[in-house]
Amino acid sequence: MARYVANRLAQAIMLLVIVSAIGFAILHLAPGGPLSQFAASAQMTQEDLDRVTRQLGLDRSLPIQYLDWFGRMLRGDWGHSYRDGEAVLSVISSHLGATLELMATATIIAVLLGGWIGVLGALRRYSLFDSLATVGAMIALSIPTFWFGLVTIYIFSVKLGWLPAGNRETVGDGSFLDLLHHLIAPALVLALVETAMWGRFMRSSMLEVINQDYIRTARAKGMPEWRILTVHALRNALLPMITVAGLQFPTLLGGALVAETVFTWPGMGRLFLDSIGYRDYPVVMGILMFSAIMVLIGSLLADILYAVVDPRIRVG
Amino acid sequence: MTSAALSTVQLAPGHAAWRRFRRHRLALAGAVIILVLVLGSAFGPYLLPFDDTYIDIMKRFAPPLSGAHILGTDELGRDVLARLMMGARVSLSIGFVAMVIAMAVGIAVGAFAGFFGGVVGAVLMRLVDAMLCFPTIFLLLALAALIEPGFVTTTVLIAATAWMWVARVVEAQVRSLREREFAVAALAFGSSNLRIMFRELVPNAVAPIVVAATLNVAKAILLESYLSYLGYGIQPPAASLGNMLNNAQIYLTSAPWLAIAPGLAITLAVTSFNFLGDGLRDALDPRMNIP
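Chain order of the listed sequences is A and B. Position one of the first sequence corresponds to residue 1 (our numbering), numbered consecutively onward. Position one of the second sequence corresponds to residue 1001 (our numbering), numbered consecutively onward.
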C-alpha cells in the first residue's frame, strides 16, 4: 500500500512539473509577455520598460526564469493582482468558499439523484424508465450549461418569481434560509451535467456487478433480494464511482465557472472571467494553475481512496 | 464462385454494422437532423428576404410570428432566423474544422506515442495527462484572453483543448495493434515506421477514431457556444449560436425569444452529434461499451 501511494505521489509530482511548465509557457505566450499590462500603458517609455524587465529578471534565460517562478509558486508567492495589488493566493482564497459551496451542493444532488437513476436503470434494464433516463442523460450532456441557467432564470425568477435571479445573498440579509434560497438555482443548473454523468456511470457499474457470480451465489443461497442489492451489489458498484468523482472534477470546475457567470455568483470562476476582462494576468494565471492543481490533487486522492477500499488495485 | 463468396464475406462486417446502426433509431434521427441543420444553414440564408447583419432600428424586439419575421427580431431589429442560420453556419463550421485539427494532432501524437512507446511515448502521454489537468473552459478562456478573437483563433483554440482524448484513444489502440501479426509482418517486409503507423495501425483503429471524431464535433460546438457566450469567441456583428445568447440575458424579461431559439439550436446540434456517435459506437464495435 505504502509503495502504491509513493508511486502515485511521484507521478503526481511529475505531472505538477509539466503542468507548471505549460502554465509558464502560456504566461509567456501573452503578447508582450508578462509585461503586456505595462506595455499597453502610454505612460511608460521603452526605457522604463527595459528597466522593469531587468528589475523583474525577465532578461534572464527562460529556464532560469521558469525555475525562479516555480520556486516562488511552491513558496506560496503567486504574484500580485494588477487591479489592486493584492496577493494572488489571497484573492483566490477569498473567492474559493463560494465555489466550493456550489460544487459540493451540486455533487450531493448529482450523487443522490444520478445514483438513484443509474441503479434503477440497471435493475430495470431496457424498461421505459431506463430508456427515458438514457435519452434524458444524453440531452442533459448536450445542453449548454449557461443556456439551461438562462431558461431556469426565465421560468423560476422572471415568470414564477420563486427564486432570485442571481447573487449569493440578499444584501443586508444573509441568513441561512436566504443563502439556501440563492443556492438552489445555480446548484441545480450545475448538477444537471453531473447527474447525467453519475447516472450513466452508475448504471454501467451496477450492470457489471449484478451479472457477477457472487450475486448469483447470493440468490442461490436464498438471500432476500433487497439484501443482495444493498449489501452485495450496491456496495461493489459504488467503488468505481470514486474514480468517476476524480475524473468528473475538471468538468465540475468548468461548469462552476459557467454557472457562476450566469448567476453572478461571487466565486472563483466569476473572478477568473472578471480578471480576464481586466487583463489581470497574474490572477488569470493563478486561477488556471490553481484549478489544475485542484484537479491533480483530486485525481490523486481518488486513486488513493480507491486503493484503500479495493485491495485488488494495490497489487496491480 | 470463390471470389463471389469471398466478397460476401468481406462485405458482411459492413452490412452488420449498417444493420446495427439502423436499429439505433436515435442515431439515425441525429444523422437526419445534422443533415437538415447543415443544408438549412448552407442554403437557408439565400431563401430569406433579410440579411443577418441588416439593422432596422424601427423594428427592434418584434416577437416571433409577428409580420414578416418568423422568429422575430433582436435588440437592433435584425432578423433572428437569418442570424440563426448564419450563426449555425459559423458554429457548425467551427465544430467540423476544430474536429479535423484535433483529430490530426491527436492521431499523430497517439500513433507516435503508441508505436514508439518507451521514453517518447511516456513523455507524450504525460503531456496529454498534464493538459487534461486544466479544466477545458479555464484553459480555453485563458488562451483566448491572450489573442485576438475571431473565427480562426476560436477554431484553433478549441482544437488545442480537444485533441488529448483522441491521443489517448489512438495511443491505446496503436499500442495493442503494434504486437499483432500483420504489424509484425509489415515490419518484416521492411516497411518504414511511418508507413506501418499510418497505413497499417491507424486504419485498423478506424472504429474508435470515427466515434471520437463524431463526439468531438459535439464537444467543439458546445465549446464554441461557451466561448462566444462569454464574449471571447466569434465577435459581433457576425453571428454564432453562442454569441447570439451573449445579450439574451439582459433582455430575458422583455424578449425571451432571443434566448430560446439559439439555445435550442445548440442543444439540437450537440444532441444529434452525441446520439450519432453513440450509434456509431454500437454499430462499428459492439465490444466497446464505454458509457
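Heads up, some of the hints might be wrong.
As the list claims (entries may be wrong) - Stretch by stretch, here's where chain A covers chain B in the computed footprint (C-beta under 8 Å, at least three residues): (1) 1123-1130; (2) 1133-1141; (3) 1204-1218; (4) 1249-1255.
Please keep in mind that the hints were generated in silico from the structure rather than gathered at the bench. These numbers come from a predicted model, not from an experiment. Just so you know, even glycine gets a beta-carbon here, dropped at the ideal spot from N, CA and C.
*Taking 8 Å as the C-beta cutoff, is the stated coverage of the stretch 1133-1141 of chain B by chain A satisfied by three or more residues?*
Three-residue rule met by the stretch 1133-1141 of chain B, so holds; n is 8.
_Given coverage of the stretch 1123-1130 of chain B by chain A, checked by CB-CB distance under 8 Å (3 or more)_ = Three-residue rule met by the stretch 1123-1130 of chain B, so holds; n is 4.
_Three-residue Cβ test at 8 Å for the coverage of the stretch 1249-1255 of chain B by chain A_ = holds (count 3)
*For the stretch 1204-1218 of chain B, do at least 3 residues have a Cβ located nearer than 8 Å to some Cβ of chain A?*
violated (count 1)
In this structure, only the earlier hint numbered 3 is contradicted, and the remaining ones agree with it.
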